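**Student:** Each chain is listed here by its residues.
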Amino acid sequence: MKKQFMTPLIIFGLLVVLLVVGLMKAKYVRDVPSPLIGKAVPEFSIPTVEDQQQMFSSEDLKGQVSLVNIWASWCVSCRAEHRLLNVIAEQGIKIYGINYKDELTDARRWLNAYGNPYVKSAHDITGRAGIDWGVYGTPETFVIDKKGMIRYKHTGPVYQQDISEKILPMIKQLQAES
Amino acid sequence: MLSMTMKKNSTSRLLGLSSILFFILCLLPLHLQAGPRGQPKEPIVFEDAQIEKDYLELSEELRCLVCQNQNLIDSNAELADDLRREVAKMLKQGKNKEQVTEFMVERYGDFVLYDPPFKAQTWLLWGGPFVLMFFGIFVLLKKIKADKDEKHTDSSALSEQEKEKLQAILKNK
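Residue numbers (this note's numbering), protein chains in the order written: chain E, 1 to 178; chain V, 1 to 173.
Possibly wrong hints are sitting among the right ones.
What the hints assert, rightly or not - In the BS3-like style, the derived pairs of lysine-lysine whose C-alpha atoms are separated by at most 27 Å in a straight line are:
id	chain 1	residue 1	chain 2	residue 2
1	E	Lys25	V	Lys119
2	E	Lys39	V	Lys53
3	E	Lys39	V	Lys95
4	E	Lys166	E	Lys146
5	V	Lys89	E	Lys39
6	E	Lys39	E	Lys147
7	V	Lys53	V	Lys97
8	E	Lys25	V	Lys142
9	E	Lys39	E	Lys172
10	E	Lys153	E	Lys94
11	E	Lys166	E	Lys94
12	E	Lys25	E	Lys146
13	V	Lys119	E	Lys153
14	E	Lys146	E	Lys120
15	E	Lys146	E	Lys39
16	V	Lys53	V	Lys89
17	E	Lys166	E	Lys153
18	E	Lys166	E	Lys62
Hint data in this document are derived by calculation from the structure and do not stem from the laboratory. The structure displayed is predicted, hence computed values, not measured ones.
Chain E on its own, in the form it takes in the complex (with noise of 0.2 Å):
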């Protein structure tokens, strides 16, 4: 009698497990693996935000270690780093950006409000640059060794521990390889 009680419990028990489990790792779902680590940037050029006579390509990306954020006016979570992207660009990090659709005079405007950590920014009007780079939600950042290969990948806003823990670290290190 009491076996039998205790066998459905135990598997009630191992199915809260697996269930609570799946809900503290919910939180990553939305993290869609990219297969484009450890892979070289997709080519591309494409006229700057700052300038459309002037480009900026894939080209631009070798010869050192670097960061590409993808950014747009209307992404309220852009703003929430933007401050972040300020701070470090100071530092001396070298960030391009990717003005994923976006009408050139938002983005001119959004960057004159609130500062231009970029060294520059693609005008990916159409967002076609952005479905090589796998861009799903903006914003998002990439950070390219000195071959222009992509290294890492952050998907949604950086914070202050995503900077000092995972990406400071990283530059630093692939600073450091030949």
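Dock chain V against chain E, hints included.
**Tutor:** Positioned in the frame of chain E, the structure of chain V alone reads:
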């Protein structure tokens, strides 16, 4: 008294009106919600029936990365629309379904597929249900066997101890 109720009526009506107004005002920001601006887009048109069929099939099989429980054809997300157009464009350029699928996987990973391939990371996904089924069958067979064994040993018969106890009870009566 009459004027009191009238006054009460008009205040409550005013209250009602202002709460409706407030409600409408609350809805307004939803309308202004953030998102890329754009003109209404041209519908996707096909001249070739086979391409249209491929397009529809692919849009069913590919996942929208923004609202992850919907496929491309169900989703209203801006990105889903862009990807649908990309799929249509590639098919019209003469690419086949495999090439389009490969294009998506290169950018978004296997995650974009609603029908993921069988490999090291997905064995649990594909094999899990069978593992569970075999486990269930195993438990069931064991239970059936246990029940059978129990029937062979006649449990309705009294043990020696029980017989003695019964005799004692009967004697005392």
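**Student:** All hints are to be evaluated individually against the structure, with a verdict given for each.
**Tutor:** Here's how the hints hold up against the structure:
no., hint, verdict
1, E:Lys25 <-> V:Lys119, "holds (22 Å)"
2, E:Lys39 <-> V:Lys53, "violated (33 Å)"
3, E:Lys39 <-> V:Lys95, "holds (24 Å)"
4, E:Lys166 <-> E:Lys146, "holds (18 Å)"
5, V:Lys89 <-> E:Lys39, "holds (25 Å)"
6, E:Lys39 <-> E:Lys147, "holds (10 Å)"
7, V:Lys53 <-> V:Lys97, "holds (11 Å)"
8, E:Lys25 <-> V:Lys142, "violated (36 Å)"
9, E:Lys39 <-> E:Lys172, "holds (20 Å)"
10, E:Lys153 <-> E:Lys94, "holds (16 Å)"
11, E:Lys166 <-> E:Lys94, "holds (16 Å)"
12, E:Lys25 <-> E:Lys146, "violated (33 Å)"
13, V:Lys119 <-> E:Lys153, "holds (23 Å)"
14, E:Lys146 <-> E:Lys120, "holds (18 Å)"
15, E:Lys146 <-> E:Lys39, "holds (12 Å)"
16, V:Lys53 <-> V:Lys89, "holds (14 Å)"
17, E:Lys166 <-> E:Lys153, "holds (11 Å)"
18, E:Lys166 <-> E:Lys62, "holds (22 Å)"
Hint check: violations occur at hints 2, 8 and 12; the rest are consistent with the structure.
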